[in-house]
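Colleague: Heads up: the sequence lines are chains A and B, in that order.
Each residue of the first sequence is one higher than the one before, starting from 108 at the first, in my numbering.
Each residue of the second sequence is one higher than the one before, starting from 4 at the first, in my numbering.
Just so you know, the hints here were simulated from the structure itself, not pulled from any lab data.
Check each hint, because a few of them may be wrong.
[To be verified] So the derived label-pair ranges between C-beta atoms look like this: (1) B/E162 - A/E290: 18 to 24 Å; (2) B/S35 - A/E455: 48 to 54 Å; (3) B/V117 - A/N328: 31 to 37 Å; (4) A/Y152 - B/Q113: 37 to 43 Å.
Note that beta-carbon positions come from the ideal geometry of N, C-alpha and C, so glycine has one too.
Chain by chain, the residues:
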Amino acid sequence: MARRRMFLDISCVDAARQRMRHVYDTFDTVCVQYSGGKDSTAVLYLAKEVHEERGLGPVKVIFRDEEMVSPAVVEHLEQVRGYDWVDMEWYCLPHGQEVWVLGRRDYTLLWSAARERLGRLVRDIPPWAITAEHFGLTREDAIPLPIDHYTMQGKRGRVAFLTGVRANESMIRYRSVVQKLHENYINRPYRLSKAIPLRMVKPIYDWTTDDVFKFISEEHNARYTAYYDYAAMSGANTRVGIPLHSVAARRLSDVISTEPEFFDNLYRAYPEIDAQRRLWGDFNVERLINSYALQGWDGVRRCVVENMLTPGRTTDAKRFVAEYRKKHTGDPFSYPIDHLVRTLLLNEFRLTSPSPVGPKTRSHKMRMAALQAAADADGLDLIDDKV
Amino acid sequence: MEIETVETVNLRPAGWRTNHVLRPDLLLMQRSVKEYGFMYPLVCRDDGTIIDGFHRWVVAQKLELSIPVRWVSCSTVEAMILHIVLNRARGQIVPKRLSTTLQALAATKQFTDVELMSTLNMTADEYDTLIDGTLIKKRKVKEHVYSRAWIPVESTGGEDIHIERPPTRDK
């Protein structure tokens, strides 16, 4: 069943406060999953309000440090960690991450001991961090269980992690908050065992970016990371996060215009990213997609061999291609080969199922033209494009 | 034009530097200096403050070379302006650093806003953003009215939701 939004007669901030009280009423332990960005900062201050209202002491904050964090964000995180009303757990756990350069996907282990020995960590591990060693593991390999399993340790009873996810950040995020009708902002984490009583909570799901900044700056006169000011000055993207995965790496120029010294730190660890900086502006990715797509399934095979640089990525890509091929057989117009190649080269596919081409894409137009041609041949009018 | 060759210890970097050469390019510069030497001089104030050529000075230090310098007799404020003009003309400025230097220049009160804009060839929008230096003003957060809350309900058809797109181009 489709969903739509029903607007209420209260502001998003008042609604978020109600949601926060409900979460504190129904969970035994509540933690803010903090990233240093604006959205989780807003959630942090919402939690602070409840803690002050109920005399709950410091707010429990969890930060999952992914090594490739902007210097301005790290500085902000260290300030937040020092607030007397914040009790922060700072995790530096080794897990896999993609390094995407001109469509080619490589893999790196964050906080890897091997890279540390070579002096090629993007940043040093902060002395106060909780590391793999604290769980009896090493930093030679990725942690064997989902990261929430580790950040959950030591938390009592039913646990809620508050996140700054907002619906209008992406369609995927929008869908994640409209699937459920009751307590739509409380979800079970993906891939985590049902036996673990953890829920992810999205109290500000209906906020816009301006709501977030207004709340932080006017209601709490609080600081946010200086990265956003740098982004405003240089016209860059206002999202903080790992800059080398397939979507973010396409905006590597934002890193250079906001914090060029951060690019230098990344370059020390991953010299191959210089090709992305120098060539992406003129790189004709459409021609590459066409060159693979025109060769049909042989082209798809070539695309996987030439662009998935690790066995893990190759396995993921093959699984995705097999699933896509099944859908293509049933509906070749909605699942055309160029859409598959585009996804393999440009988008995240590892943990997702194939999705059909969306409107306003070339494949969609081709599909509509073919349907129109078939309808014309039958002497029928195509009423709308929602066939 | 008089050019003098001096030791790197006689020069010092300026605290108001607004540019940055990325590490891969700096390594390239180092290689080129090693092979061909310095092709054009640094611009420095009489007191040794580097106005233009900080990264060549870094390379010279590393390679233990002396370096050609063109001396300029000017005040600190004039040096700051010359530095910005030379680097803007080459397109090599980091906005966050330019913002700090521009704020320092404005604080000297030696120029009006219009004079600074004209000297540095800036539009009013660019000047305003850099002199304020915060996202809050740019987004006009003060005038913003909080959105209404919403909940999802079942529907026979979907609806369009506005997705906030990043401002920079994505191919």
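Colleague: A separate judgement is required for each hint: does it hold in the structure or not?
Modeller: Cross-check of the supplied hints:
1. B/E162 - A/E290: 18 to 24 Å: 21 Å, holds
2. B/S35 - A/E455: 48 to 54 Å: 40 Å, violated
3. B/V117 - A/N328: 31 to 37 Å: Given about 32 Å between the Cβ atoms, the range holds.
4. A/Y152 - B/Q113: 37 to 43 Å: 41 Å, holds
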